[in-house]
Structures are given as C-alpha cells and as structure tokens.
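Visitor: For the record, the sequence lines run as chains P and Y.
Going by this note's numbering, the first residue of the first sequence is number 1, and it counts up by one from there.
Going by this note's numbering, the first residue of the second sequence is number 1, and it counts up by one from there.
Please note: incorrect hints may appear among the correct ones.
Computed footprint of chain P on chain Y; a stretch qualifies when at least three of its residues, placed anywhere within it, have a C-beta under 8 Å from a C-beta of chain P [stated by the list, open to error]: (1) 10-20; (2) 56-64.
Here are the simulated lysine to aspartate or glutamate pairs, EDC-like style, with alpha carbons at most 20 Å apart [stated by the list, open to error]: (3) K298(Y) x E397(P); (4) K296(Y) x D394(P); (5) K299(Y) x D257(P); (6) K296(Y) x D185(P); (7) K125(P) x D185(P); (8) K298(Y) x E406(P); (9) K296(Y) x E355(P); (10) K298(Y) x D394(P); (11) K298(Y) x E395(P); (12) K299(Y) x D185(P); (13) K299(Y) x D394(P); (14) K299(Y) x E406(P).
Think of the hints as simulated: they come from the structure by calculation, not from any bench.
Don't be surprised by glycine CBs; every beta carbon is placed ideally from N, CA and C.
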Amino acid sequence: MRLKTFSGGLHPPDSKEFSAGCPIEDCPLPEELVVPLSQHIGAPAKPVVQVGDRVLRGQVIGESGGFVSVPVHAPTSGEVVAVEPRLHPSGRELPAVVIRVDGEDSAAEPMSALDPATAEPDALKDRIREAGIVGMGGATFPTHVKLSPPPEKPIDTLILNGVECEPFLTADHRLMLEEGEKILDGIAVLQRILGVEKTYLGIEANKPDAIDQMSALCSGRNIEVVPLEVKYPQGAEKQLICAITGREVPSGGLPMDVGVVVQNVGTCAAIADAVLRGLPLVERIATVSGDAVVQPKNLRIRVGMSLAHLVEICGGTRVEPAKIIMGGPMMGMAQLSLDVPATRGTSGLLLFSEEKVVRRPEGPCIRCARCVQACPARLLPTTIAAYTRLDMMDEAEQLGALDCIECGCCSYICPAALPLVQTIRHAKAAIMARRRKG
Amino acid sequence: MRQVIFALLPACAVAVYMFGLPALVTLVLCTAGCIGFEAGCQKLMRRPVAIADGSAALTGILLAMNLPPSSPWWLSLLGAFVAIVIAKQIYGGLGYNPFNPALVARVVLLISFPVQMTTWTAPTPIGSGLDAVTTATPLGRAKEAVMLHGALPADLPSGFLGSFLGDIGGCLGEVSVFALLLGGLFLLWKRVISWHIPVSFVGTVIVLSGIFWLVDPQRYPDPLFHLVTGGLMLGAFFMATDMVTSPVTTKGMLVFGVGCGLLTVLIRLFGGYPEGVSFAILLMNAATPLIDRYLKPKKFGLVQEKGGAHA
C-alpha cells in the first residue's frame, strides 16, 4: 500500500538508530534546577515564590500571565535560592526560579483526579491549563488555547502526532512503545473535550514497532493508526493534516479552520497525568544523541535541568562538541553553551563533533530549483530570500514569506549553502513588525 | 557541473573520433579560453577566482560543441571571450547571466563570421585514410533546396542510424545523437536535470514538425530527420536545461520547453537560418523571468478543498 504523505519535503538520513533501542531512563536529580518562567509561547509566568522559600514538587512557582500563558511548577523539592534572569535556550536572559535541590523529591498535594468520562470539558481544559501543559513537540504553544476553538469553528477530527520526523529524536517513539496506555488516557480526555467524530494517530513508517504497539492498543477504541511515509517534515502540523485528511489549512489560517486539532503524543501523556493523577507538567522524555555524546539515551528529565547535566548522565562527551542543538537537527535551536536549562519543549539535545558539522562557504544561487521542489509550503524560497536580501519586503510578502513553516528543507538541500530559511525568517519578522506598526 | 561535463564526454569522444585533430584543438582552445577569461575577469574585479567550480570549463566544452570542427583558432578564442566576458562576467558571474553564455557566443560568431561558422567538414573517422572534405549539413541542404526549388532534395540522408550514431557533417555537438542521449540520460538518472525541459522541447519538435510533414512531405522533412540532425539533442539536454537561464518551477519548465520546440521548428522551416535551436533557447532565456513570475506553484493552503465544506 502507498503510504500517505504531503507534497515536497526531503529525505535526510533519520539517524535514529543511535537511541531508538534505548529504553527510557530516569535522569537523576542535579544539585540545582534553573526553572525558566518562559517555557511556552505567550506571556511569561509571574513568580510567586521568594528567595528562601521551600518548595515541593508540583507546587506553583509562577502564575499564568494571561490567557495565552500557563503556570510554572517546581520540578522537585528544595529551596529557592534566586529569582533572577538566567540564560535561556532562546539565547536571551529571561526570568527564572533557581531551586537548590534537597534530594528528597517530596511532592505537594496533587490536584484532585478527574474522570474524563464524566468531567465537564471546561473543567478538563482548566485542569490542562493549571497543569502547565504546552505543545511538547517543540512549539510549546499552550494546549488549553488550542483546545478552545471559537464556536464558529466546529472540530470534527483529532490528530495525534507520533510522527517524530526530525532525525535523531526517538523520545516520542519510546513513549509510544513504553507508555502507550498513558497516551490513550490522554486521547480519551481530548476526545471528551472536543467531541470529535474521528481520531487518527499518525506515525512514520520507520517506527514499525510503535505502529504495531499502538494499533494493538487502539483497536476497538475509534482511533485509527495511520502509518505515514518517511519524509521530512511529515510531522509539521499542516503537512500532517494534509497527509491524513487531504485537507489543506488555508494560507494564514489555523488547523481549526479545517476542523482539525493536532496534539503531540507527548502532550497527550502529560494530559493523562494532569487529569487522571492531578500531576502538573514538570518532566518529559528527551533524546540525547549526536556523535559527540558517549552514550546516546532517552531520558525522563525534569524541567530546569541544565543541558550539561543531561550530557553528564549520558557519559559525557567523546570530543569537544562543535555544535549543540536543542531539539531536532532540522528545526532545533543551536545553543551557545550547555549551561542552559531544559524546558517543557526540550524534545532532544544533540551534540555534534567538528567532522559532522558541514561548514561550506556560501556560493551564488544558480537557480537549480532544489529548494522549490523541496518546499512543503510550495513557495519559491530562493526568490523570497533574494528579495529579502534587497530589503524588498513587499515582494517577499507577495511571494508568501508568511506561509513559510520554517522547516529548513531549503537550507538543507541548497547546493550553494545559502541560508535560505534563516533569510526568510528574517523577512517574516520584518513583515510582522511592519504590520504591527500599521 | 562536474557531472554535466562527465555527461558530455561521450559526445566529445565521438566528435574527436569523427573529425580528428581539428575537433580536439577546438575543444581544448574553447575550454582553456573560457577558464582563462574567467580567471582573468575575476582577478581584474578582485573577486575570488572560482574556476574550480567547473562552470567555465563547462561553458567551454558547450561552446566547442557549437562550433564547426574546422574552426580557426581565433574563432574559438573569440567565442570564449564573448561567452565568459560579455555574456557572463559583465552580468555578475555565475548565477546572474540572463542568457546561456555558450549560446550567446555561438550566435555572435554565427552572425559575425557566417563563412567560418558554416564551413563543414564531412566526418572522416580516424584511420579511414581520407582527407578532410567539405560538405553541407543535412539541415543546410534541406533549407537550400527548399529555398531554391521549393522541395526537399531527393538524396536527403534518411539513414536514421548514420545520423544517430554520428556519421553526419555539422558542429562537434551535432554529430552523434546517440552519445548526447547517453549523456542526457545520465543527467536525468543522476537527477542533475529534470525531464520537464528535454521532454517538452523534443516532444514539441516531434509534434509540430510531424504536422507539417503530414501536410506536405515534399516540402517538410519528417520528424525523425528533425530529431537526429542539428543541435536539437545538445540543446534539449545540455543547453536549455541550464538552470541559471531556465525557469525554477515545473510548470515554467514545461512552458519553456514547449516554447523552445516551437521556435526551433518555426526557424528551421521558415526562418533565414537552417538551424534554430540556439535562437530558440536564447529567446526563451529572455522569457524566463516572465515565466517565473506568472507560473509560480500554488502555495500550500490556496487549494480549495473539494466541496469547500471547511474552506
């Protein structure tokens, strides 16, 4: 059978073999956690603890700063030693709560458990917000917002994203293998909230064991497991919706415009913990991999652990890393140092040696059109980039710069090593800034 | 670039075999000339010398392919100058030239030096013991006969195999359709080029020339003749597919190829020159920015869903 997929895209080596066979390990607690108050898209949380306070695992340390915001919780027990700006994975210094870990890992009183079969959808959504749940595929958009479409946008389809199309990452893969039931519990909550007719779980065909496992678990539950072609960016929200349902999210629109909500499987598991067990989101699964790491692993990490700590747990580095990436190699963020904390969006940590990092000098564009063929948004990346370099933003906007999903296919495939996606991102920022000015 | 050069080697080998030393000299002069002018220009403009990218060498080989085997030495060097300095570096170098440099050079030479550019030697394979004899190209003879007598010559070579393998007079690159096809298929296989331009180009030539042939076979040669003579194969696989001067979208490539085919047949049958491939490609080069502007791919999210229930 021909597997479902989208148009465009490319096939980077998936490099998942280094960690796909490693069962999830609990990452031991370090001596100190740096918990950023900005771990989501939207307003940062406001700190509600002071230096000297003793906090327990799951206790709120930062209050939600608005509707598009979520609270932040203490990942373990200990003493607050600082509330100050610290280096954040985004490269800026952002407010964070620093906790000296006491090692007891004492938990605060959990929130009351809710029964998804009987609880009101609004109560479930409130719980998801209180538990600080955000999109854990890496986008970290507050989940309760995604689950609150306006009434004029009826949702008929829920899609679970177990694609994990980024090379190297195996966190969602291991989660589906080892904690599939938890994902199902989360799906039940989402189905209850959205009242959808149809639920799909999309998994790339390079994870046959996860497809088998989830198919067995989902049978008889009105959830269809859809194996998808192995192609990047198969897990991009709009491409995934198109592959599974054939619907195209309109330009400038959201999945809800075509009646769909997409949630990552990791988010689903977190929702299950929050609703059924009253536990806020303070931990997640992350893949530590790359050729500079001694022992690649899938770790259950607490939010606020430093990247250096994760590397240490994986046996340290084999050679001096030349490139550090939080997230996947295609869309992840390059890091200046290992001295930054993991967040709710940290799906992976990749360390590469100098020999794996290809640094080529930029050449002239010879209009080979590789980027045009690869672009899943069907744009003309090189033309948009050319206009951007000339500061001709009207033309860049006309060519659809804002439709760019920043998947990075164009930069990856460019034989002239042009920073295409980087240039287009610059254009997007400039266009948005101009719109705000009016 | 390297793969394109590699793909041209069989055709070069056949040309040297068929035309002997003069062909080799033309090849070497054009290639060395192009590399030399490229390096000179870049030095002069204080830019990094980038002859290692192979683009100048490729232009040189393609230029040689577009010259008669007996070209005098100065014709080759002048061609190299026009191709690299006038048609490429003045516009900003690799990636910025609107027209295919080798074709610009060919057309400049053809218009400026018609005698030297149309003095053809018949193929005298190495070892055949024959001296070089001058001859006319099949396309040239066809044109002449039609102009003078209103009909095709009776003895027009219909031997498909001969022209296919390389036994006809013409430019270096017009000799062996077989060797060019081999290289073209290699490029398709390696995905250096996509099928859109060659197929639409050649397809249009077959269809259009076929229509004329069916209307009046006395006056218009059959499609097969068009296929194996002149620079069609060289043009369709190696010149029209030049990425810098052709559209970036698949729809655009198809339009570009059809346009090339259309113009080629019209010039061959009704134009002043017997061969129209180079003019056709250059004219379509000029149309490329326009094609790219109007034939953009449909952005994701602009396709209306069937039924429009959710649009």
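Visitor: Run every hint past the structure and note whether it holds.
Guide: Right, here's what the structure says about each hint:
1. A stretch counts as covered by a chain when three or more of its residues have a beta carbon under 8 Å from one of that chain; for the region 10-20 of chain Y and chain P the count is 0, and the coverage is violated.
2. Check on the region 56-64 of chain Y: 0 of its residues sit with their Cβ under 8 Å from a Cβ of chain P, so the three-residue criterion for coverage is violated.
3. For the given pair, K298(Y) sits about 15 Å from E397(P) by alpha-carbon distance, which is consistent with the 20 Å threshold.
4. For the hint linking K296(Y) to D394(P), the alpha-carbon distance of about 17 Å falls within 20 Å, and the restraint holds.
5. The straight-line distance between the Cα atoms of K299(Y) and D257(P) is roughly 17 Å, inside the 20 Å bound, and the hint therefore holds.
6. For the given pair, K296(Y) sits about 45 Å from D185(P) by alpha-carbon distance, which is inconsistent with the 20 Å threshold.
7. For a cut-off of 20 Å, the pair hint linking K125(P) to D185(P) stands: about 15 Å separates their Cα positions.
8. A C-alpha spacing of about 18 Å is found between K298(Y) and E406(P), which places the hinted pair at or below 20 Å, so the restraint holds.
9. Among the hinted pairs, K296(Y) with E355(P) is inconsistent with the structure: their alpha-carbon atoms are about 38 Å apart, more than 20 Å.
10. Under the criterion of a C-alpha separation no larger than 20 Å, the hint pairing K298(Y) with D394(P) is consistent with the structure, at around 19 Å.
11. Straight-line distance between C-alpha atoms of K298(Y) and E395(P) comes to about 16 Å, which keeps the hinted pair within the 20 Å bound.
12. Distance hint between K299(Y) and D185(P) is unfulfilled; the C-alpha atoms sit about 37 Å from each other, more than 20 Å.
13. Straight-line distance between C-alpha atoms of K299(Y) and D394(P) comes to about 17 Å, which keeps the hinted pair within the 20 Å bound.
14. About 15 Å separates the Cα atoms of K299(Y) and E406(P), which keeps this hinted pair within 20 Å; it holds.
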